[in-house]
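Colleague: Listed below, chain by chain, are the residues.
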Amino acid sequence: MTSKVLNQSQMPVSAPATSRAAAKAERRHSIRRLPLLTCVVVGLAVLVLLMVVSASVGPLRIPLGDVTRIVWTQLGLGDGSGMSQRDVSVVWQLRIPRVLMGVLVGAALAISGAALQSLFNNPLADPGIIGVSGGASAGAVGVIVLAGGSITWLLPLGAFLAGLAVTGLIYVLARPGRNTGTSRMLLVGIAVGSGCQALTGFFTFIADDQQLQTLTFWQMGSLAKVIWPQFWATLPVFVAGLVIVLLNARTLDVLTLGEREAQHLGLNVKRSRLIIIIATALLTGAAVAFAGAIGFVGLVVPHIVRIVIGPGHRGLLPISAIAGAILIVAADCASRVVAPPSEVPIGLFTAAVGAPFFLFLVVRMRKSSW
Amino acid sequence: MVREVPESTDQTSQTPAEAVVRAHEVTFAVDGRELVSEVSFDLHGGEVVALVGPNGAGKSTMLSLLAGDVPPSRGSVEIAGTEVGKWKSGPLARIRSVMLQHNSSNFAFSVDEAVQMGRLPWDVDADRDAALVAEAIADGDLRGFEARDITTLSGGEAARVSFARTKVQTTPIVFLDEPTAALDLKHQESLLRSVRQLRGDGAAIVVVLHDLNLALRYSDRVLVFGGGRLVADGKPAQALTESLVEVVYGQSVRRVQPEGIDHPILIPV
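Chains as they are written, first to last, in the working numbering: chain A, 6 to 375; chain B, 660 to 928.
Simulated from the structure, these hints should not be mistaken for lab results. Heads up, some of the hints might be wrong.
[To be verified] Think about it this way: if two alpha-carbon atoms lie no more than 30 Å apart in a straight line, the pair counts; the simulated DSSO-like pairs of lysine-lysine are:
hint	chain 1	residue 1	chain 2	residue 2
1	A	Lys275	B	Lys745
2	B	Lys894	B	Lys845
3	B	Lys894	A	Lys275
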């Protein structure tokens, strides 16, 4: 039983560990973030620019200057004399509601994604992936078929209620905890999503010809048919969801620690959970009601925003909203430009970016979290 | 370097305060199987109580019951005279804090932010909050880690962050579930010294420990669990006898009293 004792000077010293490699690792794991205000200002500037561009491009090209003049005039802030009536109605009646709806849909999807990720304590949660969008879609289709789709405001309401039921169900089946992991959440999402698809299929089956036309267009995930009344019907649902989520930014922060930990820190977890489920259902309902199910925005946007400004929800939520809006407005713009005069569904663009991104995250995820 | 050895004199009797935590015939059953059976004890301020016992003896379940995570099937747990289930979560978080065993996170908060979350139950007071967080970070030997992404921490580092968060919650009742499990020797000692310091400030602390020698060294009282029952409750040096440990753990031990150390040591044989 002899053991060789190293000379003191040869002994590995654990502290202070200031080797160059350690310092490098330290820097790699350290968090560097951009200031929130910079992100807001730059984000909004990009968004407004894109909105103007989006209102200008399409089968009928309208110069950027004319777009802004038409908007000012309509808002009563400018002189619209000498504008062609056709341009005015194309911009104001067709493109502006569409662009605004794009902003709303993108922001809603991104924020509901961020909130769901905190709720499930899982960065892979997304309204599309875990079936919430599917539920909201089934609700909206149900309204179109059963109520004829003529009552505009019923659509977001139906989408919200169905989304609420589905989110609640998924949450009950795949609550975050020690015995549930990502795989459970995704499996439950697949099953619930399929069930909702069957329901949507059933409604489609019993739909008459005219309803079918509405449905087909809607199912492709598109903003092409959006008009003012639809925007106004969606806005209150969106605003309600947005306000609730923003007011609960701190709650969402604490929930990322886990439900028990959050409860120990004084959060009323049961109530918070319910509030967040309602808010995400409102947002997803707003996003899906007229634009259809557009996937992956809620996954990709918060993920990238977290890298830029960190996971704190006070910054994450507003920046995700802006970034989501940018993504959808840009995708909508592209959908009109790529193969004119036909339109490519927006969902195609978001899936083209989102699906590989999702796979990348799945592969990279630590094995322990399954 | 002379390290202060915690004395195991009876300090609790000097402050004969009301019991701050009271477990009365607490039973917790799942599917008819009792994980905790008819456990009763009182807990006072200025007391470090170690929960010890073999795997599956009901220690962590007992801690969950004390924390109010689960309601007891029978019996009651009272905190400051009120049943734990009747407390609102906010006020409860200002009087008791809990550190759990699993401290992994999926979201890249910084160490600083993660510790700061312990201030949630309290009204914001930026200066005081910052001072408490800085102190807890220094105490947990986490200085220089403030900007580290918590998802990249090792198990031991994550446990230290978690303990720091529990500390800044500044509650008079503290429940710790195996806080030292992932820690190296030095950090085990420093964490338990911090626990002694909290006790000095008048806090009541329940700590689940696996290492009986740590319980002997740092606790004022041990509650020994076996098969869901409380089988011994007393001063560690008196309760943890060779025969009791052998009966409860099914492992024979020798108890020795090294010279210059004022608590006995258990060695498996």
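Colleague: If a hint holds in the structure, say so; if it does not, say that too.
Modeller: Against the structure, the hints:
no. : hint                   : verdict
1   : A:Lys275 with B:Lys745 : holds, 15 Å
2   : B:Lys894 with B:Lys845 : holds, 25 Å
3   : B:Lys894 with A:Lys275 : violated, 40 Å
Taken one by one, the earlier hints fail for this structure only at number 3.
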